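**Q** As a plain string of letters, each chain reads:
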Amino acid sequence: MRIRSTGAALFAGVALIVSACSSGATTAPSVAAPTTASVAPSTAPSTAPSVAATPAPSSALKIGVVTDIGSLNDKNFNEYTYKGAVAGATDIGAATPGSVVPKSSTEYAQDIKSFTDQHYDVIVTVGFNLTHDTIGAAKANPNTWFIGVDQAPCVDPTGADDTKFACKGDAKTLLPKYISITYQEDQAGYLAGMVAASVSKSGTIAAIGGTSLCAPCIRYIQGFALGAQSINSSISVKTAYVTGDFSTKAFGDPVYGKQYATSFIAQNKPDVIFQVAGATGNGILDAACSAKIYGIGVDVDQFLSYPNADTCIVTSAEKHLTNSVEATIKTIGAATAVGGPQLFNASNDGIGISDFHDKTSLISADLTTKLATALAAMKAGSLVTCPATGCGVYSK
Amino acid sequence: MTAARPDQEASRRRSLGRRVWSAIGLPLVAIVLAMLVGAVVIIASELLVGGGQLNWGKPLEAYGALFQGAFGGTDAVVQTAVSTAPLLLAALGVGFGFKSGLFNIGAQGQYLTGALGAVAVGVALAGAPGIVAVPLSVLAGVAVGALWGFIPGFLKATRGAHEVVTTIMLNYVAISLLAALVAGPLNTPKSISPVTHDVGNAALPVFIGSNGHIGILIAVAMVAVVWFVLYRTTFGFEVRAVGVNPDAARYAGMRPRLLTMLTMTICGGLSGLAGAGDLLGVSHQMTSSFSTTVGFDSIAVALLGRSNPVGILFGAILFGAMRAGAPLMQIQASIPAELIDVIQGTVLFFLVATPVILRGFQTGLDTTQITRSYGEASH
Chain V
1333 MRIRSTGAAL FAGVALIVSA CSSGATTAPS VAAPTTASVA PSTAPSTAPS
1383 VAATPAPSSA LKIGVVTDIG SLNDKNFNEY TYKGAVAGAT DIGAATPGSV
1433 VPKSSTEYAQ DIKSFTDQHY DVIVTVGFNL THDTIGAAKA NPNTWFIGVD
1483 QAPCVDPTGA DDTKFACKGD AKTLLPKYIS ITYQEDQAGY LAGMVAASVS
1533 KSGTIAAIGG TSLCAPCIRY IQGFALGAQS INSSISVKTA YVTGDFSTKA
1583 FGDPVYGKQY ATSFIAQNKP DVIFQVAGAT GNGILDAACS AKIYGIGVDV
1633 DQFLSYPNAD TCIVTSAEKH LTNSVEATIK TIGAATAVGG PQLFNASNDG
1683 IGISDFHDKT SLISADLTTK LATALAAMKA GSLVTCPATG CGVYSK
Chain C
1047 MTAARPDQEA SRRRSLGRRV WSAIGLPLVA IVLAMLVGAV VIIASELLVG
1097 GGQLNWGKPL EAYGALFQGA FGGTDAVVQT AVSTAPLLLA ALGVGFGFKS
1147 GLFNIGAQGQ YLTGALGAVA VGVALAGAPG IVAVPLSVLA GVAVGALWGF
1197 IPGFLKATRG AHEVVTTIML NYVAISLLAA LVAGPLNTPK SISPVTHDVG
1247 NAALPVFIGS NGHIGILIAV AMVAVVWFVL YRTTFGFEVR AVGVNPDAAR
1297 YAGMRPRLLT MLTMTICGGL SGLAGAGDLL GVSHQMTSSF STTVGFDSIA
1347 VALLGRSNPV GILFGAILFG AMRAGAPLMQ IQASIPAELI DVIQGTVLFF
1397 LVATPVILRG FQTGLDTTQI TRSYGEASH
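For the record, the sequence lines run as chains V and C.
Using this note's numbering, the first residue of the first sequence is number 1333, and each one after it goes up by one.
Using this note's numbering, the first residue of the second sequence is number 1047, and each one after it goes up by one.
Chain V extracted, bound-state conformation:
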C-alpha cells in the first residue's frame, strides 16, 4: 500500500506537470486565472440575476467546461471538447474557459454547481454520464446556457430528468437554454468505409464495436458497411462486438481488445479493420499493426491521439467535437443560439474523416473525388448512410 501510494503521488505529480504542459501548449488557461479570481463571486451573489438577464457584450461571457472522469488532456472527448470551448471563446472574444475534471461519479453535480455559483454564462458538460446532472443544473439555472456533448436528454413534463424514459416533456421548451449535441455517426462511418474498401486488396474488411448495446457504435458500423459497398459492391464486411454488455471489456480494456482482435484477424483475415470500441479499440489497432494490416480509428483523429498505432492507422471516423462546440459557442456569442437537441452531421461540419497523414499515398485521386462527392451528397441530404429500418439496432 505504501509503495502504491507513493507511486500514485509521483505519477500524479508527473500528470500535473504534463497536463499543465499541454494546456500551456494550447492557450495557457492559467492566463485567465487572475481575471476569474478577481471577480470574487461569492461576495456578490445578489448581482447574479441581473448579470444573467442583461445582454452582456459577447466578450464578457464566462465559459466553463466540466469533463467526464479522467484528465483534461486525454486526447479524446475531454480534450477536444475543451479545445472547442477554447476556440469558441477566442472567436467571440471571451476569456479562456475554465475547466473542472471530476474524480468520481458523485462529483458531477457539484462540479457543475461550482461554475453556476461563480455565475458562469456558458457551461459545457462532456459525455452521456453527465446528462442527469446537466438536466438538473439547466432546470435550476434557467438563465445559464448549457452545452451537453453527446447527450440526449429525456425529461418529464416539469423539465426534470425522466429516468424512466417516458420522455413526456419537451426539453427544448422546458429547458430552453440547454443545447444537447449529438452526432450522426453513420455518416462518418460511411466515409471511413469508402476508404477501407479502396485500400483493401483482399476484399475482406472488418469492423469491431465495443458492445452490441451501444447504438452509436452500431450506426458507425452500419454506415461503414454501406460506404464500403458503395466502392466495391462485392466486398465482404465482417463485423463483431467485443461484448454484449457495458463491462470494462467494451470500452476500457486495451489488453483484452488486442487479444480479441488478434484472434478475430487470424480467423477472418481482413486487411483493414475499423475500431469502434474506445480504449479497448486502441488494443484492436495494436493488433492490426502487429498483423501488418490497416486500422481505422474512431471519434477523434487517432493518428494524433494514439501514436502507438501510427504505422497502420489510415484515417479515423471523426466526430468533430472541437468544431461543433466552437460553432455552438459562437451562436451563443452572437445571441442566435437555440436550445434543444442539436444534431451535428455533414451539413454543419459535425462529422468527417481525419487527415491521412503519412498514408496519403494510399489514397487515389479517384477516391478523393468520390469522398468529396459523398460528403456533398450527405450535406445535401441525398445520400443514405444508414439502413432505413433498424438504424442503430443490433441484429445478428
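Simulated from the structure, these hints should not be mistaken for lab results.
None of these values were measured; they are calculated from a predicted model.
Hints should not be assumed to be uniformly reliable.
Listed below are the simulated DSBU-like cross-link pairs for lysine-lysine, each with C-alpha atoms no more than 30 Å apart in a straight line [claimed, not checked]:
{"#": "1", "chain 1": "V", "residue 1": "K1624", "chain 2": "V", "residue 2": "K1415"}
{"#": "2", "chain 1": "V", "residue 1": "K1662", "chain 2": "V", "residue 2": "K1415"}
{"#": "3", "chain 1": "C", "residue 1": "K1236", "chain 2": "V", "residue 2": "K1496"}
{"#": "4", "chain 1": "V", "residue 1": "K1691", "chain 2": "V", "residue 2": "K1624"}
{"#": "5", "chain 1": "V", "residue 1": "K1504", "chain 2": "C", "residue 2": "K1236"}
{"#": "6", "chain 1": "V", "residue 1": "K1533", "chain 2": "V", "residue 2": "K1590"}
{"#": "7", "chain 1": "V", "residue 1": "K1570", "chain 2": "C", "residue 2": "K1236"}
{"#": "8", "chain 1": "C", "residue 1": "K1236", "chain 2": "V", "residue 2": "K1509"}
{"#": "9", "chain 1": "C", "residue 1": "K1236", "chain 2": "V", "residue 2": "K1533"}
{"#": "10", "chain 1": "C", "residue 1": "K1236", "chain 2": "V", "residue 2": "K1500"}
{"#": "11", "chain 1": "V", "residue 1": "K1711", "chain 2": "V", "residue 2": "K1691"}
{"#": "12", "chain 1": "V", "residue 1": "K1702", "chain 2": "C", "residue 2": "K1236"}
{"#": "13", "chain 1": "V", "residue 1": "K1601", "chain 2": "V", "residue 2": "K1533"}
{"#": "14", "chain 1": "V", "residue 1": "K1590", "chain 2": "V", "residue 2": "K1728"}
{"#": "15", "chain 1": "V", "residue 1": "K1601", "chain 2": "C", "residue 2": "K1236"}
{"#": "16", "chain 1": "V", "residue 1": "K1570", "chain 2": "V", "residue 2": "K1590"}
Given the coordinates of chain V, work out where chain C should sit on it, guided by the hints.
**A** Just chain C, lined up with the frame of chain V:
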C-alpha cells in the same frame, strides 16, 4: 506528600501534552510537508510550462481557492460535509479492520456493492412513502456491503486466504457486477446508455443547504458508535486483543476466527453504508460506469487518523475538504485536480517517511512503524 502533588500535576500535564503530540504530531507534520511539496510542484509546473515565470504567489492562490471552495460560505461547508461523509464511514470500516489486524483493501468494492444494493431497493421502492423507502434502501446498502466484507472474512477464517488478496479481487468483481446489473436487470430500456431509474422517494432527505443530506448525520453518529464499540464493549476489546496478538487472544478464550468474520462484516457494512449514502443522497441513480475514489482514499484516511474514530473524523474532514475545494481551485487558479492526488499521496508518503527521517532525533514523536501496528499505536 502534599508538596509532591503540584509536581505530579505538572508531570501529568506534560505527559498529556506529550501524548497528544504523539498522537497528532506525525500526521500534522506529514500534512504540512505535503502542502509544501504541492507548492513546489505548482511553482515548478508554472516555471516549466505556465509561461516560464517564477510565480511564488501561485501556491497561495491555489490553496486559497481550495480553502474557499471547502469552507467559504454555507454551501461550501455543506459540500465539504457531503464529501466527508462517505470517506468517514468507509475509513471507520477500514480502521476497525486495522484494530483487529486486518488490512481491508476492499472498501472500494464494499462501497460499490453498497451503492448497488441501495439503488436496487431504492428504485423498487421509488414510489413508496419515504419513511419506508429510505430506511429499507439504506439497510439494503449496508447488508450488501456487509456481505461483500463477510466473504473475505469467511475465507480468511476458514481457509486462511489473506484478506489483502481476496478484498482486492472482490473490488474487481464488484465493478463488473455493478456494470452487469446496471446494463441488465436495472437498466432503463430506452436509454442510449445503461442507467438505472431514479430512486425517487428513497432519496435521503436534505436537511441543510441544497444538498446536505441526512447521511452526514448518520456518518457523524457512527463515529460515536464505532468508538463505543471499540473501547467500551467486550466485543471491541476482543477485536483489539485479536489485533495485538491472535494467539494470546485464543489462549484467553476468545475466538479469533469468529471475530475475523464479524470484523470484516462490520467493515463491509460501514463501507456499504458509505456507498448507500452517496447513491441515495447525491447521485440518486447509477450509470454502469459509476465509480469513486472513496474506497482507496478511505484507507489513507484511516492511516491518517491512526484507526482511532476521532482521528478518522479529522482525517476525513481534511480529505473531504480537498475534494470539495478542488473544483474552485481548478476554476479560479487553473490548477489541475491532480494536485489533490499529489497532496494526498504525499501525506501518506510522509506518514511513512517522517519517522525514518526523524529516527535518532529526540522529538517525542511516536515513531512506531506504520504497518499493522500503526493501527495500535494510539492505544
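**Q** Going through the earlier hints one by one, which of them does the structure break, listed in rising order?
**A** Of the numbered hints given earlier, those the structure breaks are 1, 9, 12 and 15, listed in rising order.
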